[in-house]
Every structure is written in structure tokens, then in C-alpha cells.
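Peer 1: These are the residues of each chain, in order.
4 protein chains.
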Amino acid sequence: MSDERSTRRIRLGMVGGGEGSFIGAAHRIAARLDDQFELVAGALSSTPERAHASAAALHIAPDRSYTDYAEMARTEAQRADGIDVVAIVTPNHLHVPVARAFVEQGIHVICDKPLATSLAEAEALAQRVRERGVLFLLTHTYSGYPMVRQARELVADGAIGDIRIVQVEYVQDWLGEPIEQQGNKQAAWRNDPAQAGPAGALGDIGTHAYHLAGYVSGLRLQELAAELSTFIPGRALDDHVQVMLRYEGGARGMLWASQVASGSRNGLRLRVYGSTGSLQFDQEKPEELWLTRPGQPSQCLYRGVPAQAGSTATPHRIPSGHPEGYLEAFAQLYRDFARAWRGEPGVALPGLDDGLQGMAFIEAVLRSHREGMRWVRL
Amino acid sequence: MSDERSTRRIRLGMVGGGEGSFIGAAHRIAARLDDQFELVAGALSSTPERAHASAAALHIAPDRSYTDYAEMARTEAQRADGIDVVAIVTPNHLHVPVARAFVEQGIHVICDKPLATSLAEAEALAQRVRERGVLFLLTHTYSGYPMVRQARELVADGAIGDIRIVQVEYVQDWLGEPIEQQGNKQAAWRNDPAQAGPAGALGDIGTHAYHLAGYVSGLRLQELAAELSTFIPGRALDDHVQVMLRYEGGARGMLWASQVASGSRNGLRLRVYGSTGSLQFDQEKPEELWLTRPGQPSQCLYRGVPAQAGSTATPHRIPSGHPEGYLEAFAQLYRDFARAWRGEPGVALPGLDDGLQGMAFIEAVLRSHREGMRWVRL
Amino acid sequence: MSDERSTRRIRLGMVGGGEGSFIGAAHRIAARLDDQFELVAGALSSTPERAHASAAALHIAPDRSYTDYAEMARTEAQRADGIDVVAIVTPNHLHVPVARAFVEQGIHVICDKPLATSLAEAEALAQRVRERGVLFLLTHTYSGYPMVRQARELVADGAIGDIRIVQVEYVQDWLGEPIEQQGNKQAAWRNDPAQAGPAGALGDIGTHAYHLAGYVSGLRLQELAAELSTFIPGRALDDHVQVMLRYEGGARGMLWASQVASGSRNGLRLRVYGSTGSLQFDQEKPEELWLTRPGQPSQCLYRGVPAQAGSTATPHRIPSGHPEGYLEAFAQLYRDFARAWRGEPGVALPGLDDGLQGMAFIEAVLRSHREGMRWVRL
Amino acid sequence: MSDERSTRRIRLGMVGGGEGSFIGAAHRIAARLDDQFELVAGALSSTPERAHASAAALHIAPDRSYTDYAEMARTEAQRADGIDVVAIVTPNHLHVPVARAFVEQGIHVICDKPLATSLAEAEALAQRVRERGVLFLLTHTYSGYPMVRQARELVADGAIGDIRIVQVEYVQDWLGEPIEQQGNKQAAWRNDPAQAGPAGALGDIGTHAYHLAGYVSGLRLQELAAELSTFIPGRALDDHVQVMLRYEGGARGMLWASQVASGSRNGLRLRVYGSTGSLQFDQEKPEELWLTRPGQPSQCLYRGVPAQAGSTATPHRIPSGHPEGYLEAFAQLYRDFARAWRGEPGVALPGLDDGLQGMAFIEAVLRSHREGMRWVRL
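Chains as they are written, first to last, in UniProt numbering: chain A, 1 to 378; chain B, 1 to 378; chain C, 1 to 378; chain D, 1 to 378.
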């Protein structure tokens, strides 16, 4: 580890995320929060005016505002002060080509999920990332919550015994009306197979639910059986997902993802039941983690409370009782990336393996659905 | 309606429910709570000492304490002050033969669920009940909660639009260890196919979940696909149930019932999502019903609060803020029976239809499970 | 203890509680719930028609329906099958004269709170009760909740160390409008000094809050300073109470009672903080008790959960997860009375001491308020 | 408004907040979150090594790392690229002298609360700030929560009618042991009258509670009566505060602040009851605001939900359901400052008036306590 690496801010570029983007703004706040990154370059939009206006608003120098990501990759790679890492916050179909352009230049990648629009595409990228030896962070944001990490550590430490049941759900209602047919851009690309790939709610939020379940339980999924639904007429992709799960070791479970569940905001919830206890996490109350053992009081674990199992896993910025939230969880992933980049030991980033598993999950769900909900092996 | 019928207490007999029985005691409190019944006869146990000791403790006259339910039915039918109705709180396999004995004597029946151990047996009973013209109440207790009734009325009134999604679960942990192999009587008969029938958790609590979903949503289930699991080695019946649901009109859903979900007490929860809102009910917080419409504040409806839709459906004994619970919900079913018996109009008891549907549900789940989770029509 | 006493139902009479009465109905359900009482006589109203109609509806024999409580006391005392105990559910000003009439006849008393309308009156009654040796139960209902008893036991066992702070509140909104001027009978007598005594919300609910705080903390109040308010124009008595508390041993606290706190139902809440932990109880969620120690997870204790401190104090009828509520807590007091009546050991009823302390509390609050909120010793 | 002012980052300096400081780190994250500030200078500690190490870690140039705040004020005022604003995050006794040094140079001030250690000192500063015409932000963080702002707007819009009752509390437990005598620096200065001033918990958190109550209710406090306690032996200042409140217009209330309430984390809670409804806010669940009207369902308002009264007041960065927390609330104050600095209209910063009122509150509480809890006019 060079001394310079250990102290200076990491130079960040961004592809996508121009004005009005939700996820681009979230990435930028996440990058700023712990002051380990500076945003210095971007291809924020393929529309030149929008790209340059967005860049100016973000204090990016005009000569580092690009409209073509390939040019950005080439140019930045040649600058002495070129970006160290690129954040990719485009619609899904561009994740792989953009990542590839930067990987070829040896530039590290932070990429939104899902990794790709097909497993084959994802595997080819993964191969190239390994060959080039760059860092690759897939932003499964919810794994950045301190209480999610504590849950994972509790499970690994045997706090709930052998896992029997995994119940995970991710429900929203923002696609409860056909807003993609009414000018909403966020909705439009997510329901356009050319941009989103073959999965709708499945790719957008189902993959988060699947990742969270695996991240906390530590279990590999062996088989699934799934039914997709599309409740809104005229919609091209699924907006509702139901999956039966068979995990290694005999655990059973169910996954439900929906973007038409009226009255839901961002309801990502995980419950894991083992032979000696259970854990419950609700993303809308992220400072809490419930641990209950049979015949005992329920325990509400809280971020930053010292005397609780697994608490070594919970980094935090402010004391317990001063709520942290989604942006702090997101920032945790950037902080993890920074630690990995600086060469600190013991950092495990969600990355290519998670992305490949997510793509395998998507493809298995699509296959099971097409084939009448038969069991499909992963 | 005779004048006598309109005022006197209803004479109640009981079969099963001797000392130590949970559900027998619950029935008796439910019958007493609103003072419309008096318990005057019983075949509380097939063991004479236990039967008579239990009867004495309950102030039943010695000559009306029986050990043979058939004799009880015949004898009581001939008394001028014989019982008006019998409550059947035996293990499942006796529900039909006991009910039959009393029905043949023209005595009304209050019966615990599930109705029978097979659909065929249930249908034969139903036929005979109709022929004899007696009242038949199946104690789907949870439909007695005021907020469950309010939910049903809200759905019927269109408060959440067309239903899209039904999510129901009933989870406990009391069978998380093999206590049926360790002398627990409640557990022993429930896991003995000769007494419980072919369904374990499925019959014991899955039927409650299924009933609640149909009761509130007003929808008929058309198809299901199910997987049963048995987590505890040596257990004869299922202790964990997962079902995919296809309702008439296109609604989708999932049902989960488990008695090995560590850290769960009596977690019956229902969520129904329609095109314009959703309802959520949790049996462990039965005074509350959540109604949320997209883009609006969540509303927490509360028993006895006047200015809320559907509140005409919520009978209650004490003002809002003085919590009622499980026993009051149970008593509501007895109160409903009393109203029906007294000839009051507009009373719909959960009864044979519910019981037949429950048995059809059980058989469909068993079939789907046997056949690799294929879709089965009801 | 005679054998008869150990088994037969206790014969109960009631004064007050005719049709439309909330608290009379609650007493009757409480008496019935555990089947240890039978209601056999009553002076349910001073209006003959209302008294007799109410009695008939309750299956009280016509010759035991009275309109004069004094006559009822004399007559019942002379019957071989006369009542064992009378429940007094009248407006406050009659508590003492009615109790006195029955006590003189050697009949036990169950009396609603507050005990009297003045401390002097209460002391005279207490003296007479002691001389006559009858049982006296004051229905501080909330002390019947299992989790309240568990809280008391936890404090006594030192689970939270030395108590520092007691915060108690009881807030409602049903007197937020001048309904006593609009025909509401419940409100009318409570705001009529001739019937309610000199305290409004203070006597009606402030005494419950005061009792609960003392019951759980085990501490004696030494001094208080109070301000009463009347928010509704034309109202004769206080509808809002604020009190500063100094307990023996140095603990400090605050008590707040209000019947004009818009949007409150029946918000009785207690928090007790000791040197090593705290307890929180909310009457609207009576199955839960929160125990939190510094730097540790919060524990949610639940009725009927075996492995928790103090659980020996929690009697219950149905398993954990099947919610019990207000009526079951009320019934617990009747059950306790029955145990005392049958001569069972170890039963401590809320009674005269609690009533005398409550009256002393009321008088101290009134005095402090009159004298500009100065500190008053109890 | 110059064009430059409308776009460039604001140059921020900081006094106090060296390594290990909680509040300094919180200020810095708040300043970074919305990318409107850059930290360019600091007198982070009076110990040179600590000052310079902290500055280096924060990427402050060596020539702008000071150890003397007076020198920093003079030097920065003379630089063409000197700081625009200074953030003061020292112990209380330095707030006024530091602020004064920068105000004299015409540099804007962001200052932690309480404003001063005496009202006289605060008034002198306020006079000078007005004369110099600089901006002054007092960081009453909790007024930056979107739901607090929505509450304020709801009250102002009459959503709960005329206010009757204000209940506010702020409870923690981190001073439940004498940690100031055991080397904890945060605790040590807070309990040293020379650094903290004459108020302990009163100044540290009581002022937050007082501010929040006034901010939301819009009411001025007219009189108070207070008792302070010190539970931990050897502690120089109060650690527990109880206050009775009389607001203009007849509203009544209570304020409770404690740092020895075992099992409390950061429990700032406000409840305001009006003639037609009430509002409840709990800082530990800051995304929610409860609005309840008598006889109606409770409404849980949520940040970012469009169809709810007062929502125009709720700025936010990420959609509803993605929790924001304490740091985002803090950042809101910095964002407000930036808007004011850029000359945008309609920005009301918590500032000198709030600080003066806070000091008047502290002095009134101290006086009332000294004089036996007599009523003191503000």
C-alpha cells in the first residue's frame, strides 16, 4: 500500500446519473458521506446539454464532462490524475458494456444491480474483470446496513442454530398504476425489455431480496419454483413475483417481490428461523434487529448498543439513538470499497459472485415460470 | 321465535375438554362471557374419573356427566331440560362421529375446526345436518375479531378496490422440538394421523389461515400449489406448509403455516392488497387494522373508533382503548350462535360451507404436495 | 376453610350498574369469566323500572331485585342463600354509604375506585371494615394485568436496581368536548361535585395512575406539587392534572392525567427507571412489558413466556400469543377475591390501604393546587 | 446575489471538533451531504499536535490549520479565498468568544447550542451580530427533520385546533454512571461548570426539548416551575430536569430531560394536543409523525408521502421508504444556511432569537429551582 493511497481521496467518475436520477444522486451522497471520494469526471447523460449541465452543477470540470462513456474511459485512463474508479448508474442494459470499457482500461468499477441482462453476458464480464484484476463492487445497498451485518454475523456465530426457514419480501406500490405509459422515465426504462432486460420487478427488487436472504443466512439456494404476474394491462414485464425456495441443507422458504402492492413504500423484510431462534429485519426500521428464542423475551437489538452478540460487525458514525438510514448504508459500501482500494485487510465487497448468482436466480425464475412453475435447479 | 327462546340462557353440553385442555377451557370462557349459555352436561373425557372430576369442577350435576358421547346425545335429547347445543372439542377424528350423534337427535352443534379428517366424511355430515335442520357453528375463532369483521366489510365496500394480492401466514414455534415424543398430550394427538387425520400444521393452523384469507377477501380460491415439510425427525405429519394461491379474478397470493418457526407465538397475519389500497391485520395486535392507500398516510383503525369505514361491523363490549382479545373474539362466535338460535335476523355463522372448503383445501394441498407441487384446482 | 367454600360459586350482589353502565357490565363479565361467581341479587338502579328490567335481563330473580341498597343489605343478610359479597359500581359519592350498609351486615365488598369523596369519610369506613372483619377489594383494574404484576415482581427482585425516576400518565379525550352539558350521563355525574366529589379527572383516572406507579415501584410518595386545569368552559371540575412527585429514597417523577388530550383513547402508561435498567408498560398493549438495561438490547417480555424473570407472577388463561386484555385483567381481581374468600394463602388484594392512599393523594393534589403549586407532604 | 455565490461551494472553517469529537464529525458530514460546503480551514484543537493531525486527516492544508481561533479569524478574513463561515463545535463556554472573534471579521457563524453560558453574554453577542450583519445559525438539529417541519406546518395550518397541552421529553442514559470521573472527555466538560456553564442536562438536552416544543407549537412560554436533580454522587451539575410549563393562551405542559434514565438512548419525544387533534413525534423514529383526531383512525404520516397536509414543508433527498435520519436532518440546517447565504428567499434559520430564548429558559429554570420550584415568568 503506497502512502499516497492510504490518505488521499479516491477519484471517482460516474456514468449515468444526470439530473433527475434517483440512484445517481444516492451514489454521490454515499460517496461524499465519509469524505473518501471526490467526483471528478462523468458521462452523466448521452444528451450533451443534459450531461454538461449536470456536470457543472456537480462541480465537474468541463473537460471531464463526457457524453460518450468509451471516450471517457480512454481519456481518463491516460490522465495522470485520471479517475480511480467509475460508478455505473445507467439502465441495466448498459451495465456490462460500460463496465467492460472501464475494466479494459484497468479502472475499478462500482456498479448498480442487477449486474447484467443475462447470465452469459455477466459471466463474460466476470471473466474479464478477473483477468484485469480490478475491484468490482455491486451496490447491493441493503447489505450495508449495520443491523444486516450484525444479523449475518449472528447467524454465522450460530445464534439461531441450524436454519429451517427463510422468508423474504420486497414490496412497493409505485408501479401500481401504468405510469410508464404516462411519461415517468424511471418507470419507462424499467418496463422496457430493451433497457431492463427480461425481468421487471424480478430484476429491480427481487434480486435485492434474493441477495439479502443469502447474505444473512449464508445459505446457497438449490432449487426454486416461481410464478410471475403482470397486474397492469399493457405492461411488458412482470410487476409481481412469487417464488418457493429450497436451500442447501434442507431449509425452505418463500420470496415475494411486488411493485403493485398498494400502500407499500419500500418494504424489504427478512425473517430467518433457525432451530434455536429467529431474526427479523425490516428495512424501513433499519436501526432495529429482532432476535427471539423460543420461550424467551424478544430482544430488540439496536445499532451501536455494545453488549450484544455480533456487534463487532456494526460500524457506525453516530451514537445509538441518532438514527442512521439508507444513505448511511449506501455510504458503507463506498467506505468498504475505499478500504479495499487502500489495501486494508478483511474487506469482503458484494461483487461479481453476487452479481452472477443474481443473474442465475433471474434466469431460473424466468425458466420456472415459463415451464408452469416446475422446480428448477440453480 | 318463542318468548322463552328470546330470553333464557342456552343449555350447553360439551364433548371433550376435560382438565388440562386448552381449547375446551377457551370454549367455556367464550360461552360464559356474554352470559347467554349455561354449561349443564358433558362427556368431558372417556376416562370416567377424569370425566367426573372435570364435571364436578365445572358445577355439572353428576347425572349429566357422561363418559360416552352417544349415551349423552340420547339421554339429553329425552330430557325436558336437555341441552340445546353441544360443543365438540375433541381431537379431529371424533368431530364427525360426535357431531353425527347429536345431529341425529336434533341437537345443534358448535364444533372445533377442522371439520373432519376427510372431505368425504365432511360431506356426509353436511348432508345430514341439512336434512335435520340443526344449526352448525365451526369455530374459526379469528373471524370473531371486530377488526377482522371490519376488514371484511371494508373489502366488500370497495375500500381497497379490486384485490390483487393476498398474503397470509400463521406461524408458531411450540412444535419446534419433538415434544410429542416427550409426553406432551396436545402435541401427541396432533401428530398422530389416527387422531389428527392426514394433515399436521396444515389442518391445525393452515386451515385457520386459509379461512381468514377467504373471510376477509371474499374471494374463492381456484388453484393452489403446495409443498409440505417435516423438520422434526420422527414426526409423522407436516409441521411446515408453503402454498401458492391463485384466486378467482386473477388475484395471487401465498400462504405460509409453520409450527417450527422459532420465536413465534401465535403469528396469524393477513395482508390484502387491492387496486386502491391495502389492509393489514395481525392477530397478536387484534385491536388494530391498518389501511393504507398509495401516496397517503397509513391509517390505524382501532376497535370502537366511530368515524371509520366499516365500523358498523364491529360489535364490542368495552370502549376503545380497553383492549379486547382472543377470548372476546371467541365469545363473539358464541354470541352469534345465540343470536341465530334466538332467531335474530342477519347472522352468518362460519359453518358447514367453511368446513367443507377447509377440507377441500387440505386435500388439494396434500395432492399438490404428493405430485411435486403441481397446480391443483379446487 | 369449609369444604363448601372451597368449591361452590360465590354469590354476588351488585349496587348500581343498570343498563347502559360501562363499569357495571365490566364487573359482571369479570365476575363470570373464571366462573367463580354467580350474580343473584342487585339494586341496579334507584329507578324501579330500570332496576327491574336490568335485573330480569341479568337473570336475577324478581324477589332479589331491589331499588334500595339498604333494604338489599338487610334482606340478603337474613337469607340462608344471601349474597356473600356486594359489588359497588355507583357514582363516587355512594361508595362509602353503600359499602357501610353491607359491611354492617358482615357482607364482603368489592368497590370501584375512588374509595370515597374525602379522606375523612374513607378513614371512617376503613375503621368499620376492620372492626367487622370483612374482605374489601378496591378495583384498581390495571393492577390485574399479568405484565403489571410481572413488573412489580421484577422491581422487587432488584431487576432494575434502585429506582430513580417514575413517569406515569393516563390520558383520554372523551371529555374533550362539553358532553356533560349535552346529555351524556357518564360525563354528567363525573363533572358534578355532588356525585363525583371535589376531583374530576384527578379522581377518575389520576388515582389509577397514582396507584399503578406505587404498585409497580413499591415506593411511597412523600411530597407532591400539582396544578389542575379545566380546559372546557362551564365544567365544574378539573379535566387535566399535572403533578411533580418526590418519592421516598430520593426518586423523582411526574404524573399527568388528562381527559381532554385529543386523539387519546385510554393511554395509561408507566415508566420506571432504576440504576441498572428500566421498565415500560402501556395499557393499550398490555401483553408486553419492556425491560431495557443500559448498553444492552431492549427486551420485550410477553405474557406467558416462561424463561423471563418475574414470570411466576403472571397467571393467565390462554397461551402466549392469544391476546388477553382489559376484561381478563379485571377478572383477575375477582379471581383474587375468590382465592381470598376461599381462604387460599398469599393473596394480596388492592383494598382499603390503596383506597386511603388514593384519597390522601387527591387531597394533597387539591391542596397544592389551591396554594399555588407548593410542595405538600403526604 | 452574485452569480458566483449562486453556484460555488461555501468555504467552511471549523473551531473545535478534533479527532474523537462526536459533534464535530456530525457537523462535517452534515456540511458534505448536499455538497454545498468545502472544509478548508480549522482550529480543531488547542493542542497543536492534535490540531494538525486532525486537519491533515480532513485534507485541510497545513497553512490553514490553526491552534488559535483568534488568529484563524484574522488570517482567514484577509485571504482572498478565506472562509465564508465558521462552524463552532467547542464546549459551551467558548461559543461566545469564538463567535465574537469571527463576527468581528464579518465572517458568518454556525454555532452549536446552547448559545452561551449566560443570557447576558448571549445578548451582548446578539447585539454585535446584528451590527455586523452576519448570518448566524444555531444548530438545533432536530428542527431539521422533515416530519418536525411538517408538524410545525400542520399546527400553523390549524390541523389540530387550539393547543391545549404540550408534552416534551428528552431522555438518555449515558450519564447514568459517573463516567466524567472515569476519563470520559465528553462527559467531563459537560459536568464542569467552567466549561459547560451552570446547567448540565438542562443545557445539553433540555434546551433541545424546549426548542422543539416551541418550534412545533409556535407558542411562547410564559411561566415555568422547575426542579433539578443530580442523581450521581460527586457530579457538579444537574443530570435530571423536571419542568411545569404555562404557555401563552392557556396551554399547559411538562418538560422532562434526563441523562440518567437507564435504558434510554436518545429519546426526544414531543406530543402536542389541540382542541381538534394531536401530533406525536419520536426522534428515534423520525420518518413518522402521528396525527390523531378524536373518534377517528390514527394517521401515520411519513416523509415524502404526497397526499398529506403540510407536506410542502418536507424537503427530502430520497423517496419515502428509504429512511433518512439524524445526519440528514443535520444536513438540512446546513442546506438552509446555504440557501440563506446564496440569498434565496423564505429561509428561516434557527438563530439568535432561539439562542436567546434558550438562555432565558435555562436561567428561569435555575431560578425556579433555587427558589423552591416557584413559578417564574420568562
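Wrong hints could be hidden among the right ones.
Within a straight-line C-alpha distance of at most 16 Å, the following computed EDC-like cross-link-like pairs (lysine to aspartate or glutamate) qualify [unchecked claim]:
# : chain 1 : residue 1 : chain 2 : residue 2
1 : C       : K285      : B       : E284
2 : B       : K285      : C       : D282
3 : C       : K285      : B       : D35
4 : D       : K285      : A       : E363
5 : A       : K285      : D       : E288
6 : A       : K285      : D       : E284
7 : B       : K285      : C       : D353
8 : B       : K285      : C       : E284
One-sided excerpt, in silico: chain B residues whose CB lies under 10 Å from chain C [unchecked claim]:
#  : residue
9  : R5
10 : F22
11 : A26
12 : L33
13 : A77
14 : R128
15 : K185
16 : R235
17 : Q283
18 : P319
19 : E324
20 : Y326
Everything labelled a hint here was simulated from the structure, so no lab data went into it. Glycine included, C-beta positions come from ideal geometry on N, C-alpha and C.
Peer 1: Decide, hint by hint, whether the structure agrees.
Peer 2: The hints, checked one at a time:
1. Pair hint C:K285 plus B:E284 holds up; C-alpha atoms about 10 Å apart against a cutoff of 16 Å.
2. Under the criterion of a C-alpha separation no larger than 16 Å, the hint pairing B:K285 with C:D282 is consistent with the structure, at around 13 Å.
3. Restraint check for C:K285 and B:D35: not satisfied, since their Cα atoms lie roughly 27 Å apart, outside the 16 Å limit.
4. Between the alpha carbons of D:K285 and A:E363 the distance comes to roughly 39 Å, so the proposed pair goes past 16 Å and is violated.
5. For the hint linking A:K285 to D:E288, the alpha-carbon distance of about 11 Å falls within 16 Å, and the restraint holds.
6. With a C-alpha separation of about 10 Å, the suggested pair A:K285 and D:E284 falls inside the 16 Å cut-off, and the hint holds.
7. The straight-line distance between the Cα atoms of B:K285 and C:D353 is roughly 35 Å, outside the 16 Å bound, and the hint therefore fails.
8. Straight-line distance between C-alpha atoms of B:K285 and C:E284 comes to about 10 Å, which keeps the hinted pair within the 16 Å bound.
9. About 15 Å separates the beta-carbon of B:R5 from the nearest beta-carbon of chain C, more than 10 Å, and the hint is not met.
10. Interface hint at B:F22: satisfied, since its Cβ lies 7 Å from the closest Cβ of chain C, which is below the 10 Å cut-off.
11. Below 10 Å, beta-carbon pairs count as interface contacts, and B:A26 has one with chain C at about 6 Å; its hint therefore holds.
12. Against a cut-off of 10 Å between C-beta atoms, the interface hint on B:L33 holds, since the closest Cβ of chain C lies about 6 Å away.
13. Below 10 Å, beta-carbon pairs count as interface contacts, and B:A77 has none with chain C, the closest being about 25 Å; its hint is therefore violated.
14. The closest approach between the C-beta of B:R128 and any C-beta of chain C is roughly 33 Å, which is over the 10 Å cut-off, so the hint fails.
15. At its closest, the beta carbon of B:K185 sits 14 Å from a beta carbon of chain C; the interface hint therefore is violated under the 10 Å criterion.
16. The interface hint given for B:R235 is broken, as the beta carbon of that residue sits about 20 Å from the closest beta carbon of chain C, more than 10 Å.
17. Residue-level restraint check for B:Q283 holds (minimum Cβ-Cβ distance to chain C is 8 Å; threshold 10 Å).
18. Given hint, B:P319 at the interface with chain C, holds; its Cβ is 7 Å from that chain's nearest Cβ, closer than 10 Å.
19. The interface hint given for B:E324 is met, as the beta carbon of that residue sits about 5 Å from the closest beta carbon of chain C, less than 10 Å.
20. Interface restraint check for B:Y326: the shortest CB-CB distance to chain C comes to about 4 Å, inside 10 Å, so the restraint holds.
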